[in-house]
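Trainee: Here is what each chain is made of, one letter per residue.
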Amino acid sequence: MTTDPLLKPEGPLPNPVPRPPGELEALEKAWEVPKGWRIISEVNNTVIGWYFIAAAFLFFLLAGVLGLLIRLQLAVPGNSFLSQETYNQIFTMHGTVMMFLFAVPAVEAAGVLLLPSMLGARDLPFPRLGAFAFWTYLIGGLVFFCTLFAGTAPDGGWFMYPPLTGQRFSPGIGADWWLLGIGFIEISAIAGAIEIIVGTLRTRAPGMTLTRMPIFAWTMLIFAFMVIFAFPAVILATILLELERAFDWPFFIAERGGDPLLWQHLFWFFGHPEVYIIFLPAAGMVSMIVPTMAGTPLVGYRLIVVALVAVGFVSFGLWAHHMFTTGIPAWSQGFFSAASMIVALPSGIQIFSWIATMAAGRLRLTTASLFVIGFLLIFTLGGLTGVMVALVPFDRQAHDSYFVVAHLHYVLFGGMVFPLLAAIYYWVPAYSRLALSERLGRWAFALIFGGFNLAFLPMHLTGLLGMPRRVHTYPSGLGWDGLNLLSTIGAFVLAAGLLLIVIDLALHLRPTNGAPAGDVWKAGTLEWLPNDNHATRSIPRVASREPLWANPNLPREVEDGAWYLPNTATGWRETIVTSPLHGEPQYLMRLSGPGWAHLAAAVFTAGFFLLLTVKAVALALTCGVLAIAAILVWVWETDPPPAGQVSIGGGILLPTYATGRLSHSFWAMITLILTAAALYLSYLFSYLYLWTAAPQVWPAPARLPTAEPLAAAALLAASAALLMLALRLVRNAQGSRLTLIATIILGMIALAGGLASDAAGWWWAGFRPTSDGHTALVAANMVLQAQIVGVVLVMGGFAAARHAAGKIDPTRRVVIDNLALFWAYAIGQSAFGMALTHGFPRLAAG
Amino acid sequence: MAGAVAIALWGPERWRRLLAGDRAIRLAGLGWPSVTLAVLLAWSLWLMRESSGVDRPATLSIEVTGERWWWRVLYPDGRGGSIPEANELRLPVGAEVDLVLRSADVIHSFWVPSLGGKLDMVPGRRNVLRIRAERPGVYRGQCAEYCGGPHAQMAFFAIAMPEEEFRRWLLSAGAGPGPGAAERGAALFRAAGCGACHAVRGTDAVGTVGPDLTRLGSRRDIAAGALANTPANLRRFITDGQSVKPGNRMPEFKIFTAAELDDLAAYLTGLR
Numbered sequence: 001m002t003t004d005p006l007l008k009p010e011g012p013l014p015n016p017v018p019r020p021p022g023e024l025e026a027l028e029k030a031w032e033v034p035k036g037w038r039i040i041s042e043v044n045n046t047v048i049g050w051y052f053i054a055a056a057f058l059f060f061l062l063a064g065v066l067g068l069l070i071r072l073q074l075a076v077p078g079n080s081f082l083s084q085e086t087y088n089q090i091f092t093m094h095g096t097v098m099m100f101l102f103a104v105p106a107v108e109a110a111g112v113l114l115l116p117s118m119l120g121a122r123d124l125p126f127p128r129l130g131a132f133a134f135w136t137y138l139i140g141g142l143v144f145f146c147t148l149f150a151g152t153a154p155d156g157g158w159f160m161y162p163p164l165t166g167q168r169f170s171p172g173i174g175a176d177w178w179l180l181g182i183g184f185i186e187i188s189a190i191a192g193a194i195e196i197i198v199g200t201l202r203t204r205a206p207g208m209t210l211t212r213m214p215i216f217a218w219t220m221l222i223f224a225f226m227v228i229f230a231f232p233a234v235i236l237a238t239i240l241l242e243l244e245r246a247f248d249w250p251f252f253i254a255e256r257g258g259d260p261l262l263w264q265h266l267f268w269f270f271g272h273p274e275v276y277i278i279f280l281p282a283a284g285m286v287s288m289i290v291p292t293m294a295g296t297p298l299v300g301y302r303l304i305v306v307a308l309v310a311v312g313f314v315s316f317g318l319w320a321h322h323m324f325t326t327g328i329p330a331w332s333q334g335f336f337s338a339a340s341m342i343v344a345l346p347s348g349i350q351i352f353s354w355i356a357t358m359a360a361g362r363l364r365l366t367t368a369s370l371f372v373i374g375f376l377l378i379f380t381l382g383g384l385t386g387v388m389v390a391l392v393p394f395d396r397q398a399h400d401s402y403f404v405v406a407h408l409h410y411v412l413f414g415g416m417v418f419p420l421l422a423a424i425y426y427w428v429p430a431y432s433r434l435a436l437s438e439r440l441g442r443w444a445f446a447l448i449f450g451g452f453n454l455a456f457l458p459m460h461l462t463g464l465l466g467m468p469r470r471v472h473t474y475p476s477g478l479g480w481d482g483l484n485l486l487s488t489i490g491a492f493v494l495a496a497g498l499l500l501i502v503i504d505l506a507l508h509l510r511p512t513n514g515a516p517a518g519d520v521w522k523a524g525t526l527e528w529l530p531n532d533n534h535a536t537r538s539i540p541r542v543a544s545r546e547p548l549w550a551n552p553n554l555p556r557e558v559e560d561g562a563w564y565l566p567n568t569a570t571g572w573r574e575t576i577v578t579s580p581l582h583g584e585p586q587y588l589m590r591l592s593g594p595g596w597a598h599l600a601a602a603v604f605t606a607g608f609f610l611l612l613t614v615k616a617v618a619l620a621l622t623c624g625v626l627a628i629a630a631i632l633v634w635v636w637e638t639d640p641p642p643a644g645q646v647s648i649g650g651g652i653l654l655p656t657y658a659t660g661r662l663s664h665s666f667w668a669m670i671t672l673i674l675t676a677a678a679l680y681l682s683y684l685f686s687y688l689y690l691w692t693a694a695p696q697v698w699p700a701p702a703r704l705p706t707a708e709p710l711a712a713a714a715l716l717a718a719s720a721a722l723l724m725l726a727l728r729l730v731r732n733a734q735g736s737r738l739t740l741i742a743t744i745i746l747g748m749i750a751l752a753g754g755l756a757s758d759a760a761g762w763w764w765a766g767f768r769p770t771s772d773g774h775t776a777l778v779a780a781n782m783v784l785q786a787q788i789v790g791v792v793l794v795m796g797g798f799a800a801a802r803h804a805a806g807k808i809d810p811t812r813r814v815v816i817d818n819l820a821l822f823w824a825y826a827i828g829q830s831a832f833g834m835a836l837t838h839g840f841p842r843l844a845a846g
Numbered sequence: 001m002a003g004a005v006a007i008a009l010w011g012p013e014r015w016r017r018l019l020a021g022d023r024a025i026r027l028a029g030l031g032w033p034s035v036t037l038a039v040l041l042a043w044s045l046w047l048m049r050e051s052s053g054v055d056r057p058a059t060l061s062i063e064v065t066g067e068r069w070w071w072r073v074l075y076p077d078g079r080g081g082s083i084p085e086a087n088e089l090r091l092p093v094g095a096e097v098d099l100v101l102r103s104a105d106v107i108h109s110f111w112v113p114s115l116g117g118k119l120d121m122v123p124g125r126r127n128v129l130r131i132r133a134e135r136p137g138v139y140r141g142q143c144a145e146y147c148g149g150p151h152a153q154m155a156f157f158a159i160a161m162p163e164e165e166f167r168r169w170l171l172s173a174g175a176g177p178g179p180g181a182a183e184r185g186a187a188l189f190r191a192a193g194c195g196a197c198h199a200v201r202g203t204d205a206v207g208t209v210g211p212d213l214t215r216l217g218s219r220r221d222i223a224a225g226a227l228a229n230t231p232a233n234l235r236r237f238i239t240d241g242q243s244v245k246p247g248n249r250m251p252e253f254k255i256f257t258a259a260e261l262d263d264l265a266a267y268l269t270g271l272r
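As you go down the protein sequences, you meet chains A and B in turn. Position one of the first sequence corresponds to residue 1 (this note's numbering), numbered consecutively onward. Position one of the second sequence corresponds to residue 1 (this note's numbering), numbered consecutively onward.
The set of hints was computed from the structure by calculation and includes no laboratory data. Keep in mind the model is a prediction, meaning the values are calculated, not measured. One or more of the hints may lead you astray.
From the structure, some residues in chain A lie toward chain B, with a derived Cβ separation under 8 Å [to be verified]:
(1) Ile351
(2) Ala356
(3) Ser437
(4) Gln586
(5) Ala676
(6) Ala760
The beta carbon of each residue, even a glycine, is placed where N, CA and C say it ideally should be.
Just need the whole structure built from these sequences, with the hints factored in.
Mentor: This is the structure in structure tokens:
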């Protein structure tokens, strides 16, 4: 542990008390929540966090009702309660809504609500981005769900395997709802992930080194990194399938040099990490609840961190265990089987760490503890059946049968919903005037635990007796009847338990910013400090993992304003930016407050995707343009000019502006570029994979264009030179304003020209996207490049406008820094794409 | 695990102290599962090799193609040609049989739980599943990969019979219709154009869109496990097939009178 000279572990508190009059009022004024209905323009994490959690919970209940309908239909053999068509839509929506509209948003929502106060920040670093992510999710999710009522919901199953979901076998718009609706909700998840990464790494309280960071924050950090690497794979898959459906580009059509298994690889490259994306934050919650309830620090903190990081990596190496029955080669089955075993080990470490913590202290059997114990038992069972299905010979029987339905519910409901329910009972007092009822909670736990096992334990047997998944009916006399009836009864008992929780929430949940029930469990972490919309009055120095246990006076000191930043130094909403490893204060970040532009952007973005689905192209494009306009208005207000240095107490002076690697926006940009690179890597995989599946459609080198790609390469090089020139001009304050603007615009033209020249080369050489898998992939490369170049063009125009308005100078140049990063990435990706599409066919031809 | 939780909660002080440390986590959470998982993995890899049957040559190779929503089956006739069948799989007991699995449209999955694991039928790919029926009997199979529409009603029976009986059955096709009702039914079958989609060997019905009906009368079920094979169900499927198995690709034929339906059913039941 390094000792930071600024952070003397002993000594007087950094700010004298009592604080001057008016200071608190100014702080409250800066963080004031808009009154009445205008609260929807609020962006602060406490408000958005509540919206987010409420929306996720709503989708949980809605998808749960779908689950009950499924169970009603399957209660008896030969039932006709639901038609086949409706049933197929309902089971597709149950899985899709649970995975995409409940599970991921719910853990992200918990992160949005809990992380800032747990880390000692006033808010997450990009409040409007967080709000934008929420509103797109809510609007998109609701419209998506309502397609059920119109009978046009997708019916291809939540993993949407082509060719069933291709245009030929699913001509309706159901599949398009899935592809466009879910595709853009994933984009919202990525926006949230970027915010969480930067928030966790850069806005922790002074002195909170990485090794003092609460485990929940660790899990959210790993969660967010997994999201930005895993989600692009499924986003690419949805882009490809939508292109195939809309324009007949045959990525997945075997007769034309595509391969249906490409979808499965891309989908499960996302889909398996997805399970851990959901599970890790839930495990993080357990790691917070158990020490508090046992009254002792977490045993094995370091082991858990290692385990979490290991899961993060290994979970990307076992996607093909969902494909053991597709006929992939035996050596690859062996590899993925072994990897699937290895991923069980980190979970073993976590489970025994929690048991060790319980053994080290005395666990109070609160409702939260009960849900944790329920989680331990159910998740362990799910883990055991997981090991069973990871064994190839067993999986050949269990795959796509009710055994897997049982397994996945034990893992996901046991591993994620139980911890989430524990978390609700645990954290509500921190944000609500009343705690939830322990009595109702215990009843709810009993019903949920009993009902869950009654519903899902028999399914193991139903599956082993041969009942496949996703059947709307089954004949009697196969030994499935009684088991199915039991499952249905269990599902309703489970639902009764959830209803009790809803009642408890209705009776006792009273969200408040100023006067929560508070630290009723005697917890040790910062989120239990007195909180308001501005989070804590002052931000403490953290010297241990349980600061509230180390210093029982901390709540009072913080509330009196004796710690750092007890005021608003600039009149803005602010938070302290600290160094990523050691949490040393670096500068004061000014945060955006309430606004309407991000809301308009969310509405129009949702409008763009949803109208595109129903093929209202003109309206959709209008919405798209309006969305970009709204985003530009929104970001125009960010990046305020430097406001000199401010004191946060204890003799620490912080600058109010940062550029380069110090700046939080640099970190966000790098994260965004990692996401874009992950998307492009998925494309690279698709290109090489289809080549192995259908090498016969790759063209002979003689057919490839030559002149146009060379021109394109020259244009890219010119664009790179202009980029360097622009950076020099800004840094050294050389040249007139017009010179810089002209340099940027010329650079943009060269970049777009390079792309156009490459595309023209393919077209003139007679390549058409609809011909075969190879030409479709070449065209997909153009689409991906055009996406990136389009963003760079918008950013370039924005930077030119900022410069024209005099809002850029050698210090205040974050806008140019961001442009330069993304512009450089665009040049790199374009060059790489050209090397691949022009070089590989020549290489492959020998 | 449950025991460990119980000890952690209520156990004697000495036991709890044993559990409450990094050493216990490493041993119980990492060491023990590592050993057991390694053993399991080795065993499963050995089993994989066993069940793939790579060491033993197949005595028979049957092609099964998944269609929406039925099974096309092709047996080798021993002279380089093949004998088409549908929705039923007959096997000689004890023989190593390779099933060559393909798909005609979307992804299906071939699964007879009692005879072995499942294997997908993927468009553009050829997967081979090795199976062996140890005992004579009737085993139910069902499509295990969701294939849209009436996926739930895409089943079949695998019938394992003694080698000798199997050979006899394979080559014994196509008794013509008897006189009376069956003969009238045969004429109706021809006149209504059923042969555009269905084939009956030895007649001019040579359609290949739908299942081969040459031995329909000997099958246990009709419409890939949707209904038991009785004259009443045959009539029902011809007139109301879409309510029996919604979305199936055979249109409903409501043109026949009740007497004509009886004749048709008599003809079809007689095909053995």
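Trainee: Evaluate each hint against the coordinates.
Mentor: Comparing the hints with the structure gives:
no.	hint	in the structure
1	Ile351	6 Å, holds
2	Ala356	5 Å, holds
3	Ser437	23 Å, violated
4	Gln586	34 Å, violated
5	Ala676	31 Å, violated
6	Ala760	32 Å, violated
This entry does not satisfy hints 3, 4, 5 and 6, going by the numbered hints stated previously.
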